[in-house]
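Peer 1: Make a model of the complete structure from these sequences and hints.
Just so you know, the protein sequences line up as chains A and B, in that order.
Quick note on numbering: the first sequence equals residues 1 to 166 in our numbering.
Quick note on numbering: the second sequence equals residues 1001 to 1166 in our numbering.
What the hints contain is simulated information worked out from the structure, not anything from laboratory work.
It is possible that part of the hints are untrue.
Said to hold, decoys possible - A few chain A residues that face chain B, going by a derived Cβ cut-off under 8 Å, partial list only:
#1 I5
#2 F7
#3 A94
#4 R100
#5 S102
#6 K103
#7 P107
#8 G135
What the hints assert, rightly or not - List of simulated lysine-lysine pairs, DSSO-like, C-alpha gap at most 30 Å:
#9 K1030/B <-> K1048/B
#10 K164/A <-> K103/A
#11 K1103/B <-> K145/A
#12 K1144/B <-> K103/A
#13 K1030/B <-> K1164/B
#14 K103/A <-> K145/A
#15 K1061/B <-> K12/A
#16 K144/A <-> K1012/B
#17 K144/A <-> K164/A
#18 K12/A <-> K1103/B
#19 K103/A <-> K48/A
#20 K1012/B <-> K103/A
#21 K1012/B <-> K1103/B
#22 K61/A <-> K145/A
#23 K1103/B <-> K1145/B
#24 K1164/B <-> K1012/B
#25 K12/A <-> K145/A
#26 K103/A <-> K1145/B
#27 K61/A <-> K1012/B
#28 K1103/B <-> K1048/B
#29 K1164/B <-> K61/A
#30 K103/A <-> K1103/B
#31 K1144/B <-> K61/A
#32 K61/A <-> K164/A
#33 K103/A <-> K1030/B
#34 K1061/B <-> K1164/B
#35 K61/A <-> K1061/B
#36 K1144/B <-> K1103/B
#37 K144/A <-> K1103/B
C-beta atoms are modelled at their ideal positions from N, C-alpha and C, and glycine is treated no differently.
The residues making up each chain are set out below.
Protein chains: 2
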Amino acid sequence: MNTPISFPLDPKLDLCLERIVDLPPEKIWKAWTTPSILMEWFCPLPWKTVQCEMDLRPGGKFRTVMNGPEGEVHDVSGCFLEVIQNQRLVWTDAFGPGYRPSKEPNPCINGFFTAAILLEPHETGSLYRAIVIHGSESECEAHKKLGFHEGWGIALDQLVAHMKSL
Amino acid sequence: MNTPISFPLDPKLDLCLERIVDLPPEKIWKAWTTPSILMEWFCPLPWKTVQCEMDLRPGGKFRTVMNGPEGEVHDVSGCFLEVIQNQRLVWTDAFGPGYRPSKEPNPCINGFFTAAILLEPHETGSLYRAIVIHGSESECEAHKKLGFHEGWGIALDQLVAHMKSL
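Peer 2: Here's what the structure looks like:
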């Protein structure tokens, strides 16, 4: 079996949040792959994740339903692409379960994305990288303006705080 | 690790060619995953496959360039999704290499597809299943009218004849 692909970043098409986190990869993995735990931290407050379904294998379903403070409902369905325990989780909204091509582009960015959480052990915990890959500059820009760095950063803060509270 | 997903067929959205082939899974796998061999059988004559690039791992590039008898050029780029030796090869044109969402829908079906070659040992060789998954009935119908069953069937005949000639 060949080694997994790397994710060389294209600064015009990709967004990346990189941080050293003082949790071991195993705890971050658990937070990302346990639906009941993910619901506790996944949305920056005051948004809440009210449903989460995971079939944790390539082609398996990954669905989250998020509610906003004004009654907004974001129901995002996709599928996992790579599931390598404690190392990498890759998924997309370009497919539904079973790799079926999606028909409705993500309304927030008017397109589709692939996301990867990459974890590596680090002397004080983990090197955490969250990468989001787009098909065009306009979709990448839309995602950035939507508050990618702030949103994913706050979610990571919430993840860390929650895992430390357990 | 969970077991790989199954591919339940939706008759309105999916196409399937299923056949017993008198070659062992290993030989069919070799024909599908060796660029120089794939070029010998992949296109129903008089079309020819003139280029083939494979990075045989999830997220890796799969590109074929096919020339038609009237000078047509079909340059199809996608990426692999699952590579399980001698058992299953899954790829899509909804992504370029590295799972980057594609911007140009496949012109033949006005959309994207995911394809899976599934191989199982059989007493007289292999059970061969080629499945193509679409996002809508119109794309599935377009692919069917394009001659999916005939085209993939002839290609399989060519694969078998070529592997037996080696």
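Peer 1: All hints, please: hold or fail.
Peer 2: Against the structure, the hints come out as follows:
This hint holds: I5/A has a C-beta 4 Å from the nearest C-beta of chain B, less than the 8 Å allowed. The criterion of a C-beta within 8 Å of any C-beta in chain B is met by F7/A, whose closest approach is roughly 6 Å, and the hint holds. Hint on A94/A holds. Least Cβ distance to chain B is approximately 5 Å, under the 8 Å limit. The criterion of a C-beta within 8 Å of any C-beta in chain B is met by R100/A, whose closest approach is roughly 5 Å, and the hint holds.
Contact between S102/A and chain B, as hinted, is supported at the beta carbon level, the nearest pair being about 6 Å apart and thus within 8 Å. Hint status for K103/A: holds, given a least beta-carbon distance of 5 Å to chain B, under 8 Å. Taking 8 Å as the C-beta contact cut-off toward chain B, the hint placing P107/A at the interface is violated, the least distance being around 15 Å. Checking G135/A against chain B: minimum C-beta separation of about 4 Å stays under 8 Å; hint holds.
Only pairs whose Cα atoms come within 30 Å are accepted, and K1030/B paired with K1048/B is accepted, the gap being roughly 19 Å. Simply put, K164/A and K103/A have alpha-carbon atoms about 40 Å apart, too far for the 30 Å limit, and the pair is violated. Restraint check: the Cα-Cα separation between K1103/B and K145/A comes to about 21 Å, which is no more than 30 Å; the hinted pair holds. Restraint check for K1144/B and K103/A: the C-alpha separation of about 19 Å stays at or below 30 Å, so the hint holds.
Restraint check: the Cα-Cα separation between K1030/B and K1164/B comes to about 12 Å, which is no more than 30 Å; the hinted pair holds. The hinted pair formed by K103/A and K145/A meets the criterion: a straight-line CA distance of about 24 Å does not exceed 30 Å. A threshold of 30 Å between alpha carbons decides the hint, and for K1061/B with K12/A the separation of about 21 Å falls inside it, so the pair holds. At roughly 38 Å between alpha-carbon atoms, K144/A and K1012/B are farther apart than 30 Å, so this suggested pair is violated.
The straight-line distance between the Cα atoms of K144/A and K164/A is roughly 29 Å, inside the 30 Å bound, and the hint therefore holds. A threshold of 30 Å between alpha carbons decides the hint, and for K12/A with K1103/B the separation of about 15 Å falls inside it, so the pair holds. Straight-line distance between C-alpha atoms of K103/A and K48/A comes to about 26 Å, which keeps the hinted pair within the 30 Å bound. Restraint check for K1012/B and K103/A: the C-alpha separation of about 15 Å stays at or below 30 Å, so the hint holds.
With a CA separation close to 25 Å, the supplied pair K1012/B and K1103/B stays within the 30 Å bound. A C-alpha spacing of about 27 Å is found between K61/A and K145/A, which places the hinted pair at or below 30 Å, so the restraint holds. Taking the CA atoms of K1103/B and K1145/B, the gap is about 24 Å. The hint holds against a cut of 30 Å. For the hint linking K1164/B to K1012/B, the alpha-carbon distance of about 35 Å lies beyond 30 Å, and the restraint is violated.
A hinted pair counts as satisfied when its Cα atoms are at most 30 Å apart, and K12/A with K145/A qualifies at roughly 13 Å. Among the hinted pairs, K103/A with K1145/B is consistent with the structure: their alpha-carbon atoms are about 21 Å apart, no more than 30 Å. Of the supplied pair hints, the one linking K61/A and K1012/B holds, its CA atoms being roughly 21 Å apart against a limit of 30 Å. Between K1103/B and K1048/B the alpha-carbon distance is near 26 Å, which keeps this suggested pair within the 30 Å criterion.
Our distance criterion of 30 Å between C-alpha atoms is broken by K1164/B and K61/A, whose separation comes to about 40 Å. In summary, the hint linking K103/A to K1103/B is supported, as the alpha carbons are separated by about 13 Å, within the 30 Å threshold. Restraint check for K1144/B and K61/A: the C-alpha separation of about 27 Å stays at or below 30 Å, so the hint holds. Note on K61/A and K164/A: the hinted pairing holds, with a Cα-Cα distance of about 28 Å set against a maximum of 30 Å.
Restraint check for K103/A and K1030/B: the C-alpha separation of about 34 Å exceeds 30 Å, so the hint is violated. For the hint pairing K1061/B with K1164/B, the CA-to-CA distance comes to about 28 Å; that is within 30 Å, so the pair holds. Between K61/A and K1061/B the CA atoms are separated by roughly 24 Å; this keeps the pair inside 30 Å, and the hint holds. A C-alpha spacing of about 23 Å is found between K1144/B and K1103/B, which places the hinted pair at or below 30 Å, so the restraint holds.
For the suggested pair K144/A and K1103/B, the alpha carbons sit about 19 Å apart, so the restraint of at most 30 Å is met.
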